[in-house]
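For reference, the chains in residue letters:
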Amino acid sequence: MLGNQILKTPTSIFQGGRKTNLGILRVILAEMRKNYKQFFFTYYTLFWVLFLPLGNGLLYYFMYLPFTKTFIQFEWLGHSYPSMDIIGFTLIGQLAYTFFLSTLLAGAIFDREREQGTFEIMLLSPANRLAILLGNTFGASIRYLWLLVGTLFFFSFSFSIGIQINDFAAVFLSLLLSLLALLTFGLSLAAFSIHSRRGGLIAIACQEPVAYVSGLVVPQNALPQTLAQAGYLIPLTIGLIALRLSLLGGALLQDIQLLLLALVVMIVVYVVLAHYLIKVAEKSAKAKGTLAMF
Amino acid sequence: MWHFLRVVISTAKASLVAQWRFFRWGGMGLRLFPPLLNLGVAWALYNIMFEGKTLDAFGRATSNSDYFSFVLIGSIFYIYIVASLFGLGRAMFWERAQGTIEVLFLSPMNYVAYMIGVAAASFITSTVDVLLLFFLGNVLGFRVQHVDAPLLIVGVLLMILALFGLGLIVNAITLTFRDRVNTANTLMTVLLVFCGIVCPVAMMPEWAQIIGKAVPFTYGLDILRASLLYESDFANVLSNIVGIMALASLYIIIGIILLKRIEENSKKKALLTVF
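Top line first, the protein sequences correspond to chains G and H.
Mapping of the first sequence onto numbering that gives the first Met the number 0: residues 0 to 293, in sequence order.
Mapping of the second sequence onto numbering that gives the first Met the number 0: residues 0 to 274, in sequence order.
Do not rely on the hints blindly, as some may be mistaken.
[Unchecked claim] The following label-pair restraints were derived from C-beta to C-beta distances:
(1) G:G77 / H:V127: 22 to 32 Å
(2) G:R32 / H:N235: 32 to 42 Å
(3) G:A284 / H:R23: 24 to 34 Å
(4) H:E262 / G:K33: 16 to 26 Å
(5) G:R32 / H:M27: 34 to 44 Å
Hint data in this document are derived by calculation from the structure and do not stem from the laboratory.
Just so it is clear, the structure is predicted and the values come from calculations on it, not from any experiment.
Cβ atoms here follow ideal geometry from the backbone N, Cα and C, with glycine treated the same way.
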């Protein structure tokens with residue numbers, strides 16, 4: 000029903016000779032619905048969002064077994080947290096990284112539209128471009144439910160993850176800001192992929208480098224310093240530190256306020272960047288007429 | 000026999016020309032990034048985080064405490080797994096995508112020879128990746144502890160046989176179910192996690208050890224490591240050789256049966272070119 004309305008709206012706009020935009024919320028919901036119908040119940044989604052994260056989580060956990068069976072040392076700004084549980088450390092890493100991966104893969108939306116031959120139609124519709132991207136990124140995030148359910152199932156048997164919370168506000172804010180920062184980062188990448196025509200490849204090729212420099216597997220203090228510093232440009236790195244400290248290290252709000260501030264700055268920067276990249280792409284599409292070409 | 004060999008050589012040649020004339024840096028990156036990540040993590044864990052100290056249990060399981068070299072051998076082998084799953088495992092899938100599968104099945108050749116040719120080309124290309132990784136590993140601290148040449152040759156040959164068998168099975172699945180990436184990706188993850196690439200199987204939880212022992216590559220990896228990193232007793236090596244031979248034979252037999260079934264089905268149902 001909603002889809003039909005959206006399809007009809009551009010026609011009435013052109014017949015009436017008036018230029019109107021579709022409601023942003025409607026566009027977001029329609030994109031989310033499309034994304035859900037196309038991908039939610041597919042093996043492809045199950046692999047990327049459930050099987051691969053759990054498999055990689057096990058792999059990274061196994062990598063610690065030759066060294067220690069229980070705890071590792073985690074440092075942040077000179078403060079040491081000596082007893083961070085390895086399973087918890089790996090699990091939180093995988094949960095955040097998979098969310099990041101979902102938004103990253105959502106960046107391939109324009110590649111798909113181009114392949115399906117619907118890209119120009121999408122750009123001709125009066126829908127807000129940022130709303131299209133947001134809807135698609137939210138849609139990709141919904142697939143993440145698979146991992147949450149899978150994790151609950153997997154860990155309901157016997158695994159202990161060493162949760163140690165001293166400040167719920169710190170946990171809530173680090174979770175919220177991390178997810179928002181990852182969403183906006185995905186949004187920027189999606190906007191960038193309009194220009195590159197390599198959204199899918201970029202998303203897949205980014206995985207391992209990002210996994211390394213973000214401290215997903217080994218903490219930042221165990222990485223070569225240049226790589227560790229490069230990692231701070233990615234919201235996943237900051238989010239992971241904030242989440243691990245507040246969930247496993249018992250950190251208080253004042254301990255992680257610097258991290259939270261960095262996440263807020265990143266959210267603003269990436270939203271502005273995404274908006275700018277979309278505008279540039281649209282302008283170039285009108286000037287050159289080559290956007291739908293491969 | 001001569002005809003069989005001609006098919007192997009010409010298929011390998013054609014595949015190699017296709018792979019190198021249309022070389023894709025992106026494809027090479029996708030093949031190399033996962034083992035590079037494992038190496039990078041192993042290096043950081045071993046050298047920086049734990050300062051070269053491993054648990055006694057690791058030393059007992061491997062007769063060696065050099066974790067980085069342990070992972071490097073595993074990662075090198077992992078490259079061949081990727082070649083088997085994504086190269087050989089999708090050989091006929093790509094023939095269909097290119098519109099040449101009917102011509103392939105109309106030609107009077109032995110399809111096992113064709114698959115051997117594809118496997119040879121994939122493994123040769125992967126050897127370039129392996130050399131790159133080996134070079135990088137040496138820069139980062141990998142050192143061969145000793146070389147047992149006969150054991151190394153036996154290990155590599157058995158490993159290639161087992162990978163060939165696995166590739167045949169995956170090829171049948173990807174072709175029949177029209178599946179481009181899911182089967183290969185799933186198997187790749189299972190093998191990476193459970194066959195002892197990053198951690199000795201003996202140190203894994205018991206349930207993971209059971210899965211690891213059902214995979215021939217676990218035995219093959221142990222043979223390769225015994226030939227380059229640590230000296231293993233004869234009984235252990237022999238049990239590994241028997242293990243990988245038994246499982247590799249099983250995989251190859253299943254793979255050849257599946258290949259025959261594909262051929263029969265293609266004649267009966269004529270659905271090979273239908274997507």
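Hint by hint, here is what the structure shows:
no.	hint	verdict
1	G:G77 / H:V127: 22 to 32 Å	violated, 45 Å
2	G:R32 / H:N235: 32 to 42 Å	violated, 58 Å
3	G:A284 / H:R23: 24 to 34 Å	holds, 27 Å
4	H:E262 / G:K33: 16 to 26 Å	violated, 41 Å
5	G:R32 / H:M27: 34 to 44 Å	holds, 38 Å
Violated hints, listed in ascending order, are 1, 2, 4; each of the other numbered hints is respected by the structure.
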